[in-house]
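Student: Now for the letters of each chain:
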Amino acid sequence: MNQLCNTKCSVLAKLNVVYRCIGGGLKGQQRCNFTLSLRSYCQHKPPPTDKETKAQVDQNDLEKSPSGYAKQDYANPILRTFGIISGDVRNFLGLARDAPVNTSKSSSARQVSDPNNSSSSSLARHKREDIWPAHCDVLIVGGGIMGTSIAYHLKEKALQGLNVVVVEQDKSYKQASTVLSLGGIRQQFSIPENILLSQYGAEFLRHAHRWLSLEGQDPPDVQFKPHGYLTLASEKGLQKLHNNFQLQREMGCHMELLSGHHLKDRFPWLNTDGAEAGVLGLQGEGWFDPWALLMSLKQKAVSLGVEYVEGKVTGMEGETLDDMVLEGKARANVKNLRHAKVQLSNGETRDIKFAIVVVAAGAWTGQMARMVGIGEGHDIMSVPVPVEPRKRYVYCFHAPEGPGLDAPLTIDPNGTYFRREGLRGLYLCGQSPPPDQEPDTQDLHVDEDFFYKVVWPSLANRIPSFNEIKLHSSWAGFYDYNTFDQNAIVGLHPMVSNMYLVTGFSGHGIQQALGVGRAIMEAILEGEYKTINLERFAFERVLIDDPLYEENII
Amino acid sequence: MVYGFLEERNYQISMNIIMLSQVRQTQGFWGGVHVCTRCIWTTPGSFFKDGKSSKQEWYTPDVAHKAESWNIPKPKQELPANEWRSVFQHFRPTRLGLNVVHAFQKGIDFRPNAFKNWFKDFQTKYNITDQSYNQDRVAAVGFELAAAHFVVHRKGKVRFRNSVDWVQQNEDGEYELSPHFIPDVCVEAIDTTGMDLLYEGLGSMVNLKHLKSLNLSGCQNIDDWCIDRVCAQYWQTLEHLDISHCTKVTENGIAALARLRALKTLNITGFHHLNDIQLVCILLEDSLPDIEIIGVDFMEPPT
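Protein chains in written order, with my numbering: chain D, 629 to 1182; chain V, 238 to 540.
Source of the hints: derived by calculation from the structure; they are not laboratory data.
Computed from a prediction, not measured in an experiment: that's the story for all the values here.
All clues stand as given, with none of them false.
Heads up, simulated SDA-like pairs for lysine to any residue below, C-alpha to C-alpha not over 20 Å straight-line:
1) 892(D) to 472(V)
2) 892(D) to 523(V)
3) 392(V) to 458(V)
Computed footprint of chain V on chain D, listed as stretches where at least three residues anywhere in the stretch have a Cβ under 8 Å from a Cβ of chain V:
4) 778-788
5) 846-855
6) 910-923
7) 1031-1041
Every residue gets a Cβ at the ideal spot worked out from N, C-alpha and C, and that includes glycine.
Hey, can you work out the whole structure from these sequences and the hints?
Tutor: Now the structure itself:
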């Protein structure tokens, strides 16, 4: 066979030419693998210009790359019945839907010897088709730590009583803030609710090996490193530090206030010029592995029955309720969202009907809210959700003469922070840039100049042994930055009767995710917050311009 | 005489027992202060109110907060204004809570394995409540003696400052510890081998100003979070720590022991299989120059 694959795709056609030039030198399994890798490469080809060919190509796309979900659109109920039953029979017998991928594989496999044939067809046999969740009770937009935590708490409490679906656009979480975060947990906040949320987070992590374990598997390990946080304050911020320390002590946190020579004695590697005092968190503070937490939460949620869909929500529609009115300076009818359009990875768009939607899309929640009309309407609907992505860099450097094991996550008065990473002299550091130097958020490209010009001088000033270091690697992640007051926005939107907003954490989402997940579960199932009252974080404070500032944002 | 009365939850009854029973004269000598026989007619607080004995009890348990099911009247349900309910309101069906629905859905698993797991969970819950911080115990005898009572009652051992002998239960389960507060008594060493110490149990050993030695070996429920708590509570004074054979501790916990600034001896027998344990030991030596690490051979290169 001279052709590698039967295709109308121009890119693959060119590759067919190349293949013919090679002389068809690949044989058997090699050829199957080559074909598969070509196909996956060609998923991201640019769209053709002509409309007709676009439709044709779309059709071919659908044929070529099935979404993994059973077909939903049938012409009439009889065909639908027949289609569903035959799909079930196929799934039961373990046969996959007949797709060109398989035919090309089987056609090329026909050329080769029998062992390879059996292996390629066994690859085909394992493709099961899932039933598309066309309706659910709670739709969670965003499968990061917030969405997964909410899904877990909901399903854990309601078991089969609720049908929960989580829509996540990237199964590999490449741009999700969760997995790019440092994974720190601290109780050093200035708002009592934030402290309570972090305390529950620590409590949950402590019990994670029991609560998130699945039968027959090793209990999950979040790799908690109990080193504490050290927040330093200059003379300007000394009073605030004292007030926060008092509050934290009252809430039951185990902290210690060090000042003057006590600070110097306790941490001899620290340069205390300009750092008048510091609060050291003694218990329940440190850092852990956010990927391990996310994966174990997700596994547990899936085992409880949460359905994860890989797709992007492109629209949410509903009805305007004629009997529910919100009246203030103006009158407006309350909306009720009913169904969401989800675009799958192969381009197909499907619908999900829901009763309640929780928008936990992280840095893109503002965009998602605009889709519903928040920020684009009149009066209350003209106020957008003030959350936008802000890019933050994390740099990893090697310092052989660094502070060593006894270093908490230290936060300088000007916002530079660092922590130890591993045992071989690596450290992670970062700093929030000043408001006028915010990097662009098109992609996750890292600016190393920022490290050499801003972060390193500040760090070397605070810890003299960091004068000789070597930059090892770096990465960037998005904060779901609340431009209004850098605090969480949690709760129902006043104009939409069934949409919960869970966003705006501005860098401390990972430690509050578990507490917020439980709170949203209580709000959905019981109608009110039962354990931690997050009413102060409602969206209404944006409407009445009453900011709730969190002072300890890094 | 059994000295376990401080472990009882209801101190009103226990105080009465003290008053009515005869306290044996002890020959013990703690911190240079003799524990004298108490006449049954004096109240425990007599040493505090200017040396004069007073009829008033210096300690009353807080019944309002410690309401049991039998000692508080059921609060009368306040009806809102302009509402009237007949006598049949007492038969009104109450809203099913979520926990009830959850229990119905989960069902009862009758498999023997499930029963074993349930019983284990039940025991764990009991142990957690049993070992949690008890305010009344501390109010009765102070932090140091409360820790001592907590440990010794659960088959652990305690040694006081300026004393060589360990206080522990004898074969009959009896032990000698003061049932009243004595100033200047300090616990210097705690040995919880043989006692299944939990994270909550560490909370019953708080505020020990001179604890020098802590032996947690063999306690299977000690994990990294317990190490965090140990470091938080005793970082200023702890000199000897033994966590051998605590299987749940990982190298993250052992690395965190650098926070114990006064640590001189660390026993980590049974951890040689951990990843990078030798590197952790070397780094601990860098961080705590006086430390002596027993149990892991890190001077030899790994084979």
